[in-house]
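Residue numbers (our numbering): 11 to 629.
Rather than coming from a laboratory, the hints here were simulated on the basis of the structure.
Glycine included, every Cβ here is placed at the ideal spot set by N, Cα and C.
A hint or two may mislead.
Here are the in silico distance ranges between beta carbons for each label pair [to be verified]:
1) GLU471 to SER491: 16 to 24 Å
2) ARG507 to PRO361: 38 to 46 Å
3) PHE265 to GLY438: 40 to 48 Å
4) PHE265 to ASP359: 30 to 38 Å
5) LEU148 to ARG271: 23 to 31 Å
Below, a list of computed lysine to aspartate or glutamate pairs in the DMTMM-like style, where the Cα atoms sit at most 20 Å apart [said to hold, decoys possible]:
6) LYS437 to GLU396
7) LYS393 to ASP359
8) LYS594 to ASP449
9) LYS437 to ASP427
10) LYS407 to ASP377
11) LYS437 to ASP449
12) LYS586 to GLU380
13) LYS594 to ASP568
14) LYS158 to GLU138
15) LYS508 to ASP483
16) LYS592 to GLU380
17) LYS408 to ASP568
18) LYS408 to ASP585
19) LYS180 to GLU130
20) LYS612 to GLU602
21) LYS445 to ASP377
22) LYS407 to GLU439
23) LYS594 to ASP359
24) LYS437 to ASP377
25) LYS482 to ASP465
26) LYS171 to ASP377
27) LYS504 to GLU471
28) LYS408 to GLU457
29) LYS263 to GLU244
30) LYS592 to ASP608
31) LYS407 to GLU352
32) LYS113 to GLU130
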Amino acid sequence: MKKSKYLLKRMWGYLWAHNVYIVLSMVLSILVVSFEGLSLWFSASLVQTLFNPDIHELVQPEFTFSEINNLLKYWTYSLIQHDNPFHSLKIVCVLMAVTFLLKNLFYFLKRLVIIKLNLEVVRDMQNELFAHAMRLPLTFYDRTKAGKVSSLVINDISKIKTSMTGTFDKVFIGPIRVLFFLVMLFIINVRLTLAIFLIFPALGTIIWIIGKTVRRRSKRVLEHTSELFALLQETISGIRAVKMFNMHRVESKKFTATNNRLLWQLQRSMTISAASGPLTEIFGVAVVIILLWYGGRQVLMQDGFGAEDFVRFLIFLFSTFAPLKMLASINNTLQGGFAAAERVFKVLDTPTEPLVEPMGNSNPTLDFNEEIQFRNISFSYPKTEEVVLRDISFTLKKGSITAIVGSSGSGKSTILDLLPRFYTVSKGEIFLDGKNINDLNLCALRELFGIVSQDTILFNETIYHNISYGVKDASMERVMSAAKAANAIEFIEKLPRKFDTNVGDHGVMLSGGQRQRISIARALLKNPPILILDEATSSLDTESERLVQAAINNLIQDRSALVVAHRLSTIQSADKIIVLDKGKIVEEGTHESLLKMDKRYKYLYDIQFSDSSGILSDH
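Build the full structure now, drawing on both the sequences and the hints.
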């Protein structure tokens, strides 16, 4: 119960951000219920008009609670009574038509307000969740599939939308209608109304039990939907591998199995939801039968309870069942929304990176003037016990090139991830010009770096967009200049739409070497003081490697660079080469000095440049 109240309160916060629409909706709801009540009241007046049209003198009763019903009937008779009973009938019909018309007019206006509220709340929640997801650390994405995040933004918020904004209208107007109709029932006959309250608690208990079960089932449905969404996105993204290895049948079976599990959960959830309506109606019919018997006896016994009062009582009673049934279904919908809200708020409550966004023109900046120092760095990935780096210490001087080599899994790429604070060091410190990078503005720190990695990241956009990504208002001249320096201009000019050519999802329309040169052009345009190169040529053919390496040489001119290289031929001119083995620095020096040591680096060099490999060394 406490969790439901917390979730409801938090969900209400998104609604109250648009309080103008809420207040307007409430006012319109009151008008709807008021005119609905009037239309129902005048409907019962047909009994008096048709079956007892005789003119009688009207006597206004005193204004007491016991006489409110007679007082309302007095005002009604004063309005509709006429010498000609046909004229009285016409007045009743006109009053019913006008009140029904006004009720539906205000209901239409209220729906327009709710639709506007609905759309704006969904927009706000999706914007907030997406913006929050962009600020989450890489550790979150290491343990969360991208498809699950997408499912949260689309599916879960859609569920919250249905729950919160879709039911807000009913949550507010339903109780108003019930309260209004119950007041009228008390006014018409107190004893009959009290009899109703003997049954309502049992009905409420059933609704609560069903709602609790629906919430639990809805959470499982969302989890299975998320799994299906993640599987779909993962399979489509890897469609080339699926086709290459003829895995279409295996993937189809996996999708079918996951979809069947979702179907089973949906079926159980919808079965429980479907049961709430009939159960509510069964209890409602039981109430009606009891009241027909009890109220009918009072009418027949002429116990001060006339036929008109009984008809009016039944009209208001039947009108009460509709909002009660609606509230029962709302409870199920709200519980489903609570299940989605739990998942969404769990992500929103995940701590983000300490990003300080630029305010106006005051963009926080940092300068790199001297050196970067790694001091006694040790690191383990979150929620793992394996130590990836052990006591790493080295210095990157401004204007120098430092290369890191080692076998796979030695921790090379991890060092690169620590510098822009994609991960936080477990032990030790990294200093930029004598300042601990943990104390620096994260946005400003990352502005210092340009990254070119083996896994080139391109967006399903134009070449211009991909090169200028991260650089505001980049002119075409600057983009073309960067493309020339990256040896990319030649193939770009041959494309049908040149810089306006869309590269496809993940740059699928380009070759590996072309994608890499676009990435280098992006780094050139950003013009950062420090470059991070992560095996930028390891997956390229010889010709592409030559073009990319030439582009890298243009890129690193007059810049500081931290380079991870698999092909040792690309880092022979580095000012310093660091050799890693099992997370430790085992050697450090220039290419020539490391060869003379005849240790780990010499071993790696000989493997790549031995005559048996067909690749001749330059030495």
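Item checked: Proposed proximity, GLU138 with LYS158 (alpha carbon, max 20 Å) -> holds (17 Å)
Next item on the list: Compare the distance between the alpha carbons of LYS594 and ASP568 with 20 Å, and conclude whether the hinted pair is satisfied.
Entry: violated (30 Å)
Next item on the list: Verify the proposed pairing of LYS437 with GLU396, using a straight-line Cα cut of 20 Å.
Entry: holds (14 Å)
Check: Between PHE265 and GLY438, is the Cβ distance one that fits in 40 to 48 Å?
Finding: holds (45 Å)
Note to self: Would the hint linking LYS437 and ASP427 be met if the CA-CA limit is 20 Å?
What the structure shows: With a Cα-Cα distance of about 15 Å, the restraint between LYS437 and ASP427 holds, given a limit of 20 Å.
Next item on the list: For the pair supplied as a hint, LYS407 and GLU439, confirm whether the alpha-carbon distance does not exceed 20 Å.
Entry: holds (17 Å)
Next item on the list: Please work out if LYS594 and ASP449 have their alpha carbons no farther apart than 20 Å.
Entry: violated (26 Å)
Check: Are the Cα atoms of LYS437 and ASP377 separated by 20 Å or less?
Finding: Distance of about 25 Å is beyond 20 Å: violated.
Margin query: Between the alpha carbons of LYS407 and ASP377, is the straight-line distance 20 Å or under?
Written below: With a Cα-Cα distance of about 14 Å, the restraint between LYS407 and ASP377 holds, given a limit of 20 Å.
Next item on the list: Compare the distance between the alpha carbons of LYS113 and GLU130 with 20 Å, and conclude whether the hinted pair is satisfied.
Entry: Not satisfied, since the Cα-Cα distance of roughly 26 Å exceeds 20 Å.
Checklist line | Whether the CB-CB distance between GLU471 and SER491 falls inside 16 to 24 Å | finding: holds (20 Å)
Next item on the list: Measure nothing beyond the straight line between the CA atoms of LYS445 and ASP377; if it is 20 Å or shorter, mark the hint as holding.
Entry: holds (11 Å)
Consistency with the previously given hints fails for numbers 8, 13, 16, 23, 24, 25, 26, 31 and 32, ordered from lowest to highest.
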